[in-house]
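Chemist: Could you put the whole structure together from the sequences, leaning on the hints where they help?
Quick note, the sequences are listed as chains A and B, same order. In terms of my numbering, the first sequence opens at residue 1 and continues consecutively. In terms of my numbering, the second sequence opens at residue 1 and continues consecutively.
Relax, there's no trap hidden among the hints.
Here are the in silico distance ranges between beta carbons for each label pair:
{"#": "1", "chain 1": "A", "residue 1": "S15", "chain 2": "B", "residue 2": "E28", "range": "38 to 48 angstroms"}
{"#": "2", "chain 1": "A", "residue 1": "H12", "chain 2": "B", "residue 2": "E30", "range": "44 to 54 angstroms"}
{"#": "3", "chain 1": "A", "residue 1": "R73", "chain 2": "B", "residue 2": "E37", "range": "56 to 66 angstroms"}
Some chain A residues flagged as far from chain B (calculated, every beta-carbon gap over 10 angstroms):
{"#": "4", "residue": "D10"}
{"#": "5", "residue": "H12"}
{"#": "6", "residue": "R13"}
{"#": "7", "residue": "S15"}
{"#": "8", "residue": "D18"}
{"#": "9", "residue": "K79"}
{"#": "10", "residue": "D100"}
{"#": "11", "residue": "A149"}
If you only want the chain A side, here are some residues facing chain B, beta carbon under 10 angstroms, derived:
{"#": "12", "residue": "V35"}
{"#": "13", "residue": "V53"}
{"#": "14", "residue": "A146"}
{"#": "15", "residue": "L186"}
{"#": "16", "residue": "S187"}
{"#": "17", "residue": "L197"}
{"#": "18", "residue": "L201"}
Simulated from the structure, these hints should not be mistaken for lab results. A virtual CB, placed ideally from N, CA and C, is assigned to each residue, including glycine.
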Amino acid sequence: MLVTSRPGADVHRDSDADLMALTAAGQAGAFEELVRRHQQRVFNIVYRSVGNVTDAEDLVQDIFLRVFRAAPRYQPTAKFTTWLFRVATNAVINWLRKRDRRPVALSRVAPAGSTDSPDPVYEDPDASTGLHSLQTDELRTQVRAAIEALPPKQRLAVVLFRFEGRSYQEIAEALSCSVMAVKSLLSRARENLRRRLTPYLGEETGFSAEQGPEPPG
Amino acid sequence: MMPVQCEDIRSRLWDLVDGALDESARAEMEAHLASCEACRRALAERRRVWDALDLDTVPAAPDLTQRILNRAMSAPRRLIVGSWIRWAGAAAAVALLAVGLTLLLRPAPDAPPAPVIAELPAPYIETELVSVEAVTDIELLMYGDLIEAPIETLVEKEIPISGI
Numbered sequence: 001m002l003v004t005s006r007p008g009a010d011v012h013r014d015s016d017a018d019l020m021a022l023t024a025a026g027q028a029g030a031f032e033e034l035v036r037r038h039q040q041r042v043f044n045i046v047y048r049s050v051g052n053v054t055d056a057e058d059l060v061q062d063i064f065l066r067v068f069r070a071a072p073r074y075q076p077t078a079k080f081t082t083w084l085f086r087v088a089t090n091a092v093i094n095w096l097r098k099r100d101r102r103p104v105a106l107s108r109v110a111p112a113g114s115t116d117s118p119d120p121v122y123e124d125p126d127a128s129t130g131l132h133s134l135q136t137d138e139l140r141t142q143v144r145a146a147i148e149a150l151p152p153k154q155r156l157a158v159v160l161f162r163f164e165g166r167s168y169q170e171i172a173e174a175l176s177c178s179v180m181a182v183k184s185l186l187s188r189a190r191e192n193l194r195r196r197l198t199p200y201l202g203e204e205t206g207f208s209a210e211q212g213p214e215p216p217g
Numbered sequence: 001m002m003p004v005q006c007e008d009i010r011s012r013l014w015d016l017v018d019g020a021l022d023e024s025a026r027a028e029m030e031a032h033l034a035s036c037e038a039c040r041r042a043l044a045e046r047r048r049v050w051d052a053l054d055l056d057t058v059p060a061a062p063d064l065t066q067r068i069l070n071r072a073m074s075a076p077r078r079l080i081v082g083s084w085i086r087w088a089g090a091a092a093a094v095a096l097l098a099v100g101l102t103l104l105l106r107p108a109p110d111a112p113p114a115p116v117i118a119e120l121p122a123p124y125i126e127t128e129l130v131s132v133e134a135v136t137d138i139e140l141l142m143y144g145d146l147i148e149a150p151i152e153t154l155v156e157k158e159i160p161i162s163g164i
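Modeler: Right, here's the structure in full:
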C-alpha cells in the first residue's frame, strides 16, 4: 500500500494522515512537511502556556520528536490536529508540573512580559497617548501574568479556547477529559482571570475593546 | 444579598460573552439586563477581561524545522516500561534484565505501577529487545503510551543503565 519512494510526489498535497504514514515508511520530506505545516500553531500554544521563547522552543522540539516516534503507531481515527494538540498539551502540562515541583533559579523563570518584550520607553508620560500606552503595556504584563498564574489545565483550556478557537469537544480530546470538565475548567479559569485583571480594567481606564490601541506587530 | 434572578443571570453571563445562548435564553437575559445595572456592569466587566486577552501577543516564531529534523534523526530511542511490567510479569523483568538494564521493580504487587524509563541507543533496542518474547506487546514497549496516556498516570523517573 505504501511505497518508500515516489518520484515526483508532492508532499504539499498529502493529507496529514498520509504524511504520518509516509513518515513511518521512511519517506524523505514527509515529516519535514508535517513540521512546516504545524510548528507555528504548536509554538503559539506552547509559548502562551510557558511564557518564554527558550522553553517554548525546547518543548516544541520535544513535541515533534514524539510525533516522529509515534508515526509507526499512528491511527487516523480523528483529525491529525486533534491528536497533535493532545501530544502538545500532555507535553506542556507535564513540563509545567515538573517545573513547579523543582526549585527554580530566578533566571530561568521569566517574569511576565519582561523576557521577550523590551521595557517600554516613555517619552512624555503626561501626554495622553503616552499615558495610554503606559496603561496598555502594564495591562499586557498583567494579562500575561494572569494567564501564567492559572493552573496547567485551566491554562491550556483558555489557550486552546480563546486563542486557538478550538471547540469544547476538541479541547476535551486534547486534555483527555469530558466536555463537562472542559466547561468547568474554563469557568474556573475565567473567574481567576476576572479576579486578577479587574483591578486593571476599571471603567475609567483608557483601554477598551472598541478603541484600544493597535496590537503590536 | 443578590436577588435570585441576578445570581442565575450572573452564572450565565459568560455564555452571553461567548454568544452561546439560543434565541429565547438570550432574550431572557437581555430583558433582565435592560433593567438591572448591577448585572450590566458584571457583563461589561467580563467582556473587558475577555477582550483584554487580545493584548497577549506571541513573538515571531523561530523556524525550528532544521533543529526538529536533526533531533528526530539522531535521538536515541526511549524504552518506556510502565504498567505492562505488571501483566507481562516476571518473565519480562528477567528478559529485560538480560539486556543489561537495571530496573526498579515495585515491591508490592498491588501497588500502583511505577513507570520506568531508560534511554538506550537506537541500534541497541532494535537488535536486542526485539528478541524479548515474554512481553506480548513489543510495540507498546518500544514507543510506550507516554504520548497518549492520561497525564495523571505518568511518573517519569530516570534510571542509570548498567552494562551497556
